[in-house]
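**Student:** Chains as they are written, first to last, in our numbering: chain A, 1 to 222; chain B, 1001 to 1205.
If you are wondering where the hints come from, they were derived from the structure by calculation, not from laboratory data.
Predicted model, so just to flag it, every value in this text is computed and none were measured.
It is possible that part of the hints are untrue.
Said to hold, decoys possible - From the structure, some residues in chain B lie toward chain A, with a derived Cβ separation under 10 Å: (1) Gln1019; (2) Glu1038; (3) Ser1042; (4) Glu1045; (5) Leu1049; (6) Ala1073; (7) Glu1086; (8) Gly1087; (9) Arg1096.
As the list claims (entries may be wrong) - Here are the simulated distance ranges between beta carbons: (10) A:Gly87 - B:Ala1091: 38 to 48 Å; (11) B:Ser1130 - A:Asp193: 48 to 58 Å; (12) B:Lys1111 - A:Glu62: 45 to 55 Å; (13) A:Lys98 - B:Gln1145: 39 to 49 Å; (14) A:Ser142 - B:Leu1109: 50 to 60 Å; (15) B:Asp1190 - A:Gly103: 48 to 58 Å; (16) B:Lys1111 - A:Ser156: 47 to 57 Å; (17) B:Lys1117 - A:Thr18: 46 to 56 Å; (18) B:Gly1030 - A:Ser156: 50 to 60 Å; (19) B:Leu1021 - A:Arg152: 26 to 36 Å; (20) B:Pro1098 - A:Lys43: 51 to 61 Å; (21) A:Asn194 - B:Gln1145: 27 to 37 Å.
For glycine and all other residues, C-beta sits at the position ideal for the given N, C-alpha and C.
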Amino acid sequence: MKRESPFLCVITDTTIQTRFSHLDLAKFAIRGGADMIQLREKKMKSGELLETASAIQKLCKEARVTFIVNDRVDIALLSGADGVHLGQEDLPIEYARKILGKGKTIGETAGSLEQAIQLEKEGADYIGFGHVFPTRSKDKPSPAKGVAELERISRSISIPVIAIGGISHANLPSLLVARPAGIAVIQAVCGKDNPEEATRELKSLLMGDTSNLSIAQREVSP
Amino acid sequence: MSLSFKLYLITDRKAIPDQTLVLEEALNSGVKAVQLREKDLSGRELLHLGKKIRSLTRNHQAQFFFNERLDLALSTEADGIHCPEEGLPVAQIRERFPKVAIGKSVHSLRKALEAEKDGADFVTFSPIFSTPSKEGILEPQGLEQLALVASSLKIPVFALGGITPERAKECVKHGAHGVAVISAILKSNDVPRTVSQFEEALGGL
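Extracted from the complex, chain A is given alone in its bound form (with noise of 0.2 Å):
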């Protein structure tokens, strides 16, 4: 049976890195071969994120790649964005559904089984699970959630689940075997010399393809 490789999410983030905008990750993710983008940011005021995010709905409409917006419902339906994703201290998955109708994405973050059965049950479209290897883009002091744990959830719950934390050029086969159905990754394009090289060779690797990969692409000090 031919099973779809998992997708590539690429979440832009100006925190870790300043020389690009979020914008400009966009565009370099895009057009190495993200299938979605995830506009991740704290502290923009909301006019200018706003525009932010009208700009890069525009690229991933073109390009036909999903648009989600990081916590920011409102944002989310002011830039037509595809949907939302929410963490555990933003708005709950039902308000964000009244105000965003059915037709839209609406994914939330699980740190456990029970939390992202309870969150398939609130109507959430998609999982975020992890962080499943250790992580620095954030402060996360729990330790990572691991390969095996990954594969429990999406096999015991029917929405589509997505792996984060930690996902490298290196470690990114080793989780392959757990079936997730995408990825996401933020230091493994943002923090590279090349996002757009990066993003090409983590959608290689997803396809089961590891013999153009240089894994010798330069991190970027933080």
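Keeping the supplied structure of chain A fixed, place chain B upon it in accordance with the hints.
**Tutor:** Relative to the frame of chain A, chain B by itself:
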């Protein structure tokens, strides 16, 4: 939308330990409009606080505005949204939500005219006087500038920044429809008395 209030109370949970009690006291004293403005709370915390203030304002037939966050304004069934100067664009909100009341913070005549053109229902113009919260950030606009803005706009202008009951009277003389306050009420030792002083200065609440 016809504005049925002249005194616009803005929250600041850092000003006092138990803000909700003071809000309730202000509403009991007749305050007709509250804006929830809390900068560093998560969406979920804002939802809980917003629901609490929504229920208080509803019980007192007062209007409730959510600062900056349209999603939370919708989620808490607020009467309106109040946009900071660099917040969500008024025109886009107006287009999408014709019935939502929209207030807009402005710090210049140009921005005030723009807000009116974009469909705002009212503006707060600030800071009129020097105020600790904006010290060193924005120069006080003064009463003459307030008069200029108020006479240039058709929509109501609320004076904001360092407003006391005595100064409120001056603001009205200079064309303000009403005033917006934070500490004058939140930090008052006698909230009912302060509210009634504002009522007298403004010719209503």
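**Student:** Looking back at the numbered hints, which does the structure fail to meet, lowest number first?
**Tutor:** 1, 2, 5, 10, 12, 17, 19, 20 and 21
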